[in-house]
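Numbering (my numbering), first residue to last: 1 to 292.
Treat the hints as calculated values from the structure; they're not laboratory data.
Keep in mind that a hint or two might mislead.
Derived DSS-like pairs (lysine-lysine); straight-line CA-CA distance at most 30 Å [stated by the list, open to error]: (1) K151 x K214; (2) K163 x K249; (3) K249 x K214; (4) K151 x K163; (5) K48 x K273; (6) K225 x K166; (7) K273 x K151; (8) K249 x K225; (9) K273 x K163; (10) K214 x K163; (11) K48 x K166.
Pair ranges (Cβ atoms, derived) [to be verified]: (12) K48 x T18: 39 to 47 Å; (13) E41 x C91: 30 to 38 Å; (14) G142 x K48: 28 to 36 Å; (15) P21 x D181: 38 to 46 Å; (16) I152 x D210: 16 to 24 Å; (17) T162 x E41: 29 to 37 Å; (18) R19 x Q80: 18 to 26 Å; (19) D210 x E100: 15 to 23 Å; (20) P21 x C91: 18 to 26 Å.
Quick caveat, the model's predicted, so the values are computed rather than measured.
Cβ coordinates follow ideal geometry from the N, Cα and C atoms, glycine included.
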Amino acid sequence: MGQTIIDIHPHIISGDTTRYPHNPLGGKRSDWSAERPFAVEQYLEEMKAAGVSRAAMVHSSTTYGYDNSYVADSVMAHPQALVGVYSVDICAPDAVKTIEGWRARGMAGLRLFGAGSTVQTDGAWMIAPQTLPVWNHMADIGMTVAIQTTKIGLPVVEQILTKFPKVTIVLDHLGRPDLSDGAPYANAAPLWALSRFENLFLKVTPRTFDLSQKSPATPDTFFPKLVAQYGANRLAWGSNFPANEGTLKDLVDQGHQCFASLSQTDRDWIWAKTAQSLYPDLVTATPEEART
């Protein structure tokens, strides 16, 4: 039996801009979404070719802002393969109601976009007083919150982890650590410091693979340390397809290469079991079955 693989960080873009108009956060659309706009049907074909069994589809905030309609429609059309990770304006007074509305349309997780290629903020808005109802609601319903940020936002992530210990947080791309010094990776000290928070999980993506394969860093020195610091049960793979170039199979193959020094047990957690703990709908039941 082959390796079970679940993808918790793919994106899809519709070619129908009338039904799904673009309205990116910050007013600037991401380059990748314009250059490689893969629709859901294309992603499902990529899944088959790459041996990916299920996916937690991440809404593209840099294309659609807070309108999750395309991902939601795709998830509802393909519940056997997909659950959704949606973006919501958590500062809005009706944010909890909005989340409940999207939950009825396949929302399995919340994503907050603080900093990336098109937007750079420290994310302080994530812990503004008006966001408290959302954080309390996330704790009550047990919904995982994914945070996209860079090192400028890690202090806010630390505040969130401290203030809301009952909320599970998954950090996209490991927060983009600095691996340029190689082992023992002293430049990645902010990442190692956050490992003390048991409610923090990490999303390992090709962005991390690329950094680990750039000398003097190596996958065989970085990933065993990452597992030692966090435990494989707090690490989950996401393809970042198609933001990262290449086929989905190419990105899976890169992961196999980078995880080669890890035990099979650790690989099982990173490829699938951690994903299932973050998004329980990925275990066996379809999203519709899980909500009945």
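Evaluation of the provided hints:
1. K151 x K214: 19 Å, holds
2. K163 x K249: Not OK: K163 and K249 at ~39 Å, beyond 30 Å, violated.
3. K249 x K214: 21 Å, holds
4. K151 x K163: 19 Å, holds
5. K48 x K273: Status holds; Cα separation ~19 Å.
6. K225 x K166: Distance of about 26 Å is within 30 Å: holds.
7. K273 x K151: Holds: K273 and K151 sit about 27 Å apart, inside 30 Å.
8. K249 x K225: At roughly 26 Å apart (the allowed maximum being 30 Å), K225 and K249 satisfy the hint.
9. K273 x K163: Status holds; Cα separation ~27 Å.
10. K214 x K163: At roughly 36 Å apart (the allowed maximum being 30 Å), K163 and K214 break the hint.
11. K48 x K166: 36 Å, violated
12. K48 x T18: 39 to 47 Å: The hint (39 to 47 Å, Cβ to Cβ) is violated, given that K48 and T18 are roughly 29 Å apart.
13. E41 x C91: 30 to 38 Å: Holds, since E41 and C91 (Cβ atoms, about 34 Å apart) stay within the stated range.
14. G142 x K48: 28 to 36 Å: 31 Å, holds
15. P21 x D181: 38 to 46 Å: 44 Å, holds
16. I152 x D210: 16 to 24 Å: 20 Å, holds
17. T162 x E41: 29 to 37 Å: Roughly 43 Å apart at Cβ, these two residues miss the hinted range, so it is violated.
18. R19 x Q80: 18 to 26 Å: Holds, since R19 and Q80 (Cβ atoms, about 23 Å apart) stay within the stated range.
19. D210 x E100: 15 to 23 Å: This hint is violated: roughly 38 Å between Cβ atoms.
20. P21 x C91: 18 to 26 Å: 22 Å, holds
Going down the numbered hints, you'll see the structure goes against 2, 10, 11, 12, 17 and 19, while the others check out.
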